[in-house]
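Student: With the hints as constraints, model all of the structure from the sequences given.
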Amino acid sequence: MDVLYFAWVRERIGLPRERVETEAATVADLVEELRAREERYAMAFADLAALRVAVDQELSDFDAPLAGVREVAFFPPMTGG
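Numbering-wise (UniProt numbering), the sequence shown opens with residue 1 and increments by one.
None of these hints come from the bench; they were simulated from the model. Positions of the beta carbon are idealized from the N, C-alpha and C atoms, including for glycine. Just to be clear, a hint being listed does not mean it is correct.
Pair ranges (Cβ atoms, derived) [what the hints assert, rightly or not]:
#1 G68 / E39: 23 to 33 Å
#2 M43 / P77: 14 to 24 Å
#3 D2 / A25: 10 to 20 Å
#4 L59 / R17: 16 to 26 Å
#5 R37 / W8: 15 to 25 Å
#6 M78 / D56: 15 to 25 Å
Tutor: Shown next as structure tokens:
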């Protein structure tokens, strides 16, 4: 699946997107796999309360299932004005 990173998440990881092969059942499982990769991922995903996630371009939760998913995006909360 494609994993996309936006704003400070992209800055901490150093990539805008990457292709990930995973056996993760949920977004939270995917986050754990990514955290275990390298320190930069652990830092980016240290506080999940400061992150939002979209699954196939739909705002979702970290307990969302990943079966059949093609894209997961991580980004900070958005504000409008």
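Student: Broken hints, numbered, in rising order?
Tutor: Hint check: nothing fails, all pass.
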